[in-house]
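**Q** Single-letter residue listing:
Protein chains: 2
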Amino acid sequence: MNYFVGVDIGGTNSKIGLLNDQGDILKSTSIKTDSIEGVDYTLNKIWETVLEMAEELDISRDLIKGIGMGIPGPVIDQKKVAFFANFPWEKNINISEKMEEISGVKTRLDNDVNVIALGETLYGAGKGYSKSVTIALGTGVGGGIFVDGKLISGATGAGGEIGHMKLEKEGKLCGCGQKGCFETYASATGVIRETLSRLQINKTNGVYKAIDGDLNKLEAKHVFDEAKKGDEFALSIVDYVAEYLSMGIGNVLNIINPDVIILSGGVALAGDILLDKVKEKLPNYALAITIENLKIKLGELGNDAGIKGASALTI
Amino acid sequence: MNYFVGVDIGGTNSKIGLLNDQGDILKSTSIKTDSIEGVDYTLNKIWETVLEMAEELDISRDLIKGIGMGIPGPVIDQKKVAFFANFPWEKNINISEKMEEISGVKTRLDNDVNVIALGETLYGAGKGYSKSVTIALGTGVGGGIFVDGKLISGATGAGGEIGHMKLEKEGKLCGCGQKGCFETYASATGVIRETLSRLQINKTNGVYKAIDGDLNKLEAKHVFDEAKKGDEFALSIVDYVAEYLSMGIGNVLNIINPDVIILSGGVALAGDILLDKVKEKLPNYALAITIENLKIKLGELGNDAGIKGASALTI
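If you read the sequences in order, they're chains F and E. Numbering of the first sequence is given in this note's numbering, commencing with residue 137 and proceeding in unit increments. Numbering of the second sequence is given in this note's numbering, commencing with residue 137 and proceeding in unit increments.
Among these hints, one or two may not hold up.
Claimed, not checked - No farther apart than 30 Å at their CA atoms in a straight line, the calculated lysine-lysine pairs in the DSBU-like style are these:
(1) F:K242 to E:K168
(2) E:K168 to E:K181
(3) F:K305 to E:K181
Claimed, not checked - Some but not every residue of chain E turned toward chain F, in silico, with C-beta under 7 Å:
(4) A291
(5) I298
(6) I391
(7) I425
(8) I427
Don't read these hints as lab results, they were simulated from the structure. None of these values were measured; they are calculated from a predicted model. C-beta atoms are modelled at their ideal positions from N, C-alpha and C, and glycine is treated no differently.
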């Protein structure tokens, strides 16, 4: 039996898993990324952790045949990272080469959302489909496009950056510096922005009550929870978000025409109250032929998607 | 030497070419499609024409190893046509099977714009690039996405239908029945619609003069020609079109992140007056990393792109 490592490198913590060639996680753990200590420090620490895990599982290090990593930034040719979002690491580091020097094990990387998409496609909600698009609706919106066995990683690692597709020509300002990006409407942050804006003119609603009038407390979850209870203020925001979510998904359908759309992340947790509206609105945005046999599913792997998908980069 | 057939089936005429395995057109011709006579009639007529061409070139029919076809409609698995736009032919016909029965030669098909994209990518403006998006700016807007050796044809043949990506939530009504589609702004028809609208309130301009005040005469070319002469009315329309063209291209860049964007079709003939504005506006819509090394090129194969690309489906 051969074994594989999946690593999901995050801004604060990095998740590390040891898997078999079926994508089953035999053991996993989380360590501080400590990016401030430098890239070599972090990579060495990851490899030491892998060796400890292997020892605990009584797995010889010779049987570890691949390391896959999900990276918060654009990855070129599954080896080089164009830049690390929020890390004090150099541009264009060949992480694959570095990790192979440290470990002696073949290493491949891809963007973290692409890796989640790969995990969900191979082992989760997308199992059995050959064309999938995974949309991670979290603080921002990320996407991973999988077509006939391969991720669309792009010429410079920006493939699947659907969060920055523009839905309004002069829309809301985005963290990227541009305007009207999909993620300014459909991310958890987008939900919060719209809610904060509306709370300035409407304080007699369930959301305002749920946060005790303290705007600092506001999370997307408050809106979804109140909507589920039937609060009209919250329902109207869910409708607003669903409209843009449908427009964004519709555009992806017209361009990629996948078998399945997989929604993950905090906003997806809103569940049917959001999904039902999206299914209702989608025919206004997507060509009929792209919806006919389409499945829209919620992600199934949760936090394991990154580790599983990363390991699959080398299986 | 083996030979290949490329066919570009159009609403009125179908272009047929006989090519060598380098994609060189040895002979080509055009026949009436006569779709009204039925699919068997048209396919037989195409094959008869191929045999005549082969005879003229003194090529034995045994050396014809493949037939590729560009189809005006969504194609599934390069064999089955979901429906023919504007043809009185049945849905879900397996054209590949039918043509193989008639000719005894392996036959593969894809959507006509996808096939143009394949031609430009392999033999024209995209030669040498592994990731390209071809945008055909004609009566409508079509797209063909080529990534690492394969077209993104989609689960139901609608891959690359970027003309129906929505750029305005409540935008101009499109022929597809939806609103705000890319093609309502960036196609030749889009240029005409906007110009007609503006001519209602402004008749003292070069365009109005060029068409002798006869709105029926108006073509996109009038607008581009007057813009090149410096007419302000025309320049302002070019600017409007360039804005939406940049937004649409920007979205494609953020999702696919290709090496090269290839523009073809009538609107692309506007040339630098349009392209320069697009290059100027693109940084407002596309992530910087997707533009850094991007090439934006005009198609190079003209009317041969379809035949060359079609033949490549079986080479």
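**Q** Next, verify each hint and record whether it holds.
**A** Verification of the hints:
no., hint, verdict
1, F:K242 to E:K168, "57 Å, violated"
2, E:K168 to E:K181, "9 Å, holds"
3, F:K305 to E:K181, "49 Å, violated"
4, A291, "5 Å, holds"
5, I298, "6 Å, holds"
6, I391, "6 Å, holds"
7, I425, "5 Å, holds"
8, I427, "9 Å, violated"
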